[in-house]
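*Asks:* Those protein sequences? They're chains S and A, same order as listed.
Anchor point for the first sequence: position 129 equals 129 in the working numbering, and the numbering is continuous, going up by one each time.
Anchor point for the second sequence: position 215 equals 1215 in the working numbering, and the numbering is continuous, going up by one each time.
It should be emphasised that the hints constitute simulated quantities derived from the structure, not laboratory data.
Check each hint, because a few of them may be wrong.
List of simulated lysine to any residue pairs, SDA-like, C-alpha gap at most 25 Å [stated by the list, open to error]:
1) A:LYS1006 / A:MET1190
2) S:LYS49 / A:LEU1053
3) S:LYS49 / A:LYS1006
Interface residues of chain A toward chain S, partial, derived using beta-carbon atoms under 10 Å [unchecked claim]:
4) SER1013
5) ARG1029
6) ASN1051
7) VAL1082
8) GLN1087
9) TYR1089
10) PHE1092
11) LEU1111
12) ARG1203
Heads up, the beta-carbon is just placed ideally off N, CA and C, and yes, glycines get one too.
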Amino acid sequence: MKYTFDFASLQEYWPEFLRGALMTLEMTAIATVLGMVIGVLCAIGRRGKRPWLAALCGAYVEVVRNTPYLIQIFFIFFGLASAGLKLPIFAAAILTMVFNVGAYTAEIVRAGMDTIHPGQIEAAEALGLSVPQIYWDVILRPALERVYPSLTGQFVLMMLSSSVTSQISAEELTGVANSVQSESFRSFETFIVVAVLYFLMAMLLKFAFFLVGQAMFPRRRRLGTPL
Amino acid sequence: MSAVVKLHDIHKSFGAIEVLKGVSFEIDRGEVVAIIGRSGSGKSTALRCINRLETIQSGTLEVCGHRLDQPTLDLRALRQDVGMVFQSYNLFPHLTVEQNITLAPRRVKRLPNSQARALAQESLERVGLAEKIDCYPEQLSGGQQQRVAIARSLAMQPKVMLFDEVTSALDPQLTGEVLRVMETLAQGGMTMAVVTHEMTFARRVADRVIFMHQGRVWETGPGEMLENPQTPELQAFLSNGL
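If we strip away everything but chain S, and leave its shape as in the complex, we get:
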């Protein structure tokens, strides 16, 4: 194999790479927050007493988890367009990410909620707490503490798979890489650079989740034991 690496010719594209990486991070941040909200609501819906709501949430989770992400992107992007709703690409990309990660989050959160012993809920009921209060204070907080590693893993995975949104020409890191390599003809170098950037972003994201976890779970921080 005879290949001469030439990273120098990529130097002029640094601002591009940086812009793409920032966009990926921005999309990830927004989709993490919204995906969390959708996931928690969907998990509650699936556990709830209304059969139609449980069925609806269940169907959403199954559809998303059993179809390819790329197809979901096309479905949402072109589907909405044919329905006359023309979203900006950035918004459409985030929408697909939220739609996708919400379902995975819902399953993880539901698994966490299922670990809460019924006695905990009875004790809270006996103390006069309302159903929303019980969900918030007695079910959700310990449930999230238990499944936090799986959750963070899922969101890192979402950040990585956001590269697929380049298919609807989102200008995130992979989209940028595609333009850069077609202009510079240094495909191998371009994707090496991009791989390193993704790796660094994944590390950054994990560190951010670690800090959030430290703030959210004081018991864990103090005792270091699993709940």
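Starting from the structure of chain S, add chain A where the hints point.
*Replies:* For chain A alone, kept in the frame of chain S given last:
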């Protein structure tokens, strides 16, 4: 003395199995009633009906003026009047002792955060655990956890307290420390319904003992009735324990 808990002809089934077959008894203000009986006799179910952890099929049930057999029942008001302590403590593992105790007062009674710690302190002093205020449940022994659970219930200032086999998971020494706390409560005038296997406690502390058998109140009387059982079933129950 007016009765604060009144059960009359309560029927309750789980599926096809009828666990309460017409249970009637009353508890007066300040009275301590011990409910004893074999596993499956319906004693825990009867207790759990009092704060609506179980719903009844028929009969009349009134607790602190709340009619539990009526659809107009204000469940949250009932739960504020009735405290409950469980066999498995059911402390919230992710919260400190202080947060466990003050969660319901803060959420339900809108207690300001500035007063929360003082309330926790005061409740813990009643169970002799003031120094554990910043611990997490897992750092406490079973007996201490149960005493915190009692403090948590006390912090809501209930008018009636229900105890559901609260010492069954504890060794004799820890059982002793929990029973002493309950005895102090009883002397302080708390209205208590205590489902228990501790016959010594029933005899010594309870004003009245209710023996349940096969979903019915089988025999009832003062603590001394345990020394002189009238029915062969209570006789058999007591001698099996020896």
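*Asks:* Next step is simple, just say for each hint if it's right about the structure.
*Replies:* Results of checking the hints against the structure:
1. A:LYS1006 / A:MET1190: Holds, because 17 Å separates the two Cα atoms, which is no more than 25 Å.
2. S:LYS49 / A:LEU1053: holds, 17 Å
3. S:LYS49 / A:LYS1006: violated, 31 Å
4. SER1013: SER1013 (chain A) check fails; min Cβ-Cβ to chain S is 20 Å, beyond 10 Å.
5. ARG1029: violated, 21 Å
6. ASN1051: Check passed: Cβ of ASN1051 (chain A) comes within 6 Å of chain S, closer than 10 Å.
7. VAL1082: holds, 8 Å
8. GLN1087: holds, 9 Å
9. TYR1089: Holds. Min distance 8 Å.
10. PHE1092: For PHE1092 (chain A), the interface hint holds, since the closest Cβ of chain S sits about 6 Å away, which is under 10 Å.
11. LEU1111: violated, 13 Å
12. ARG1203: With a closest approach of 28 Å, the ARG1203 (chain A) hint is violated.
Violated hints, listed in ascending order, are 3, 4, 5, 11, 12; each of the other numbered hints is respected by the structure.
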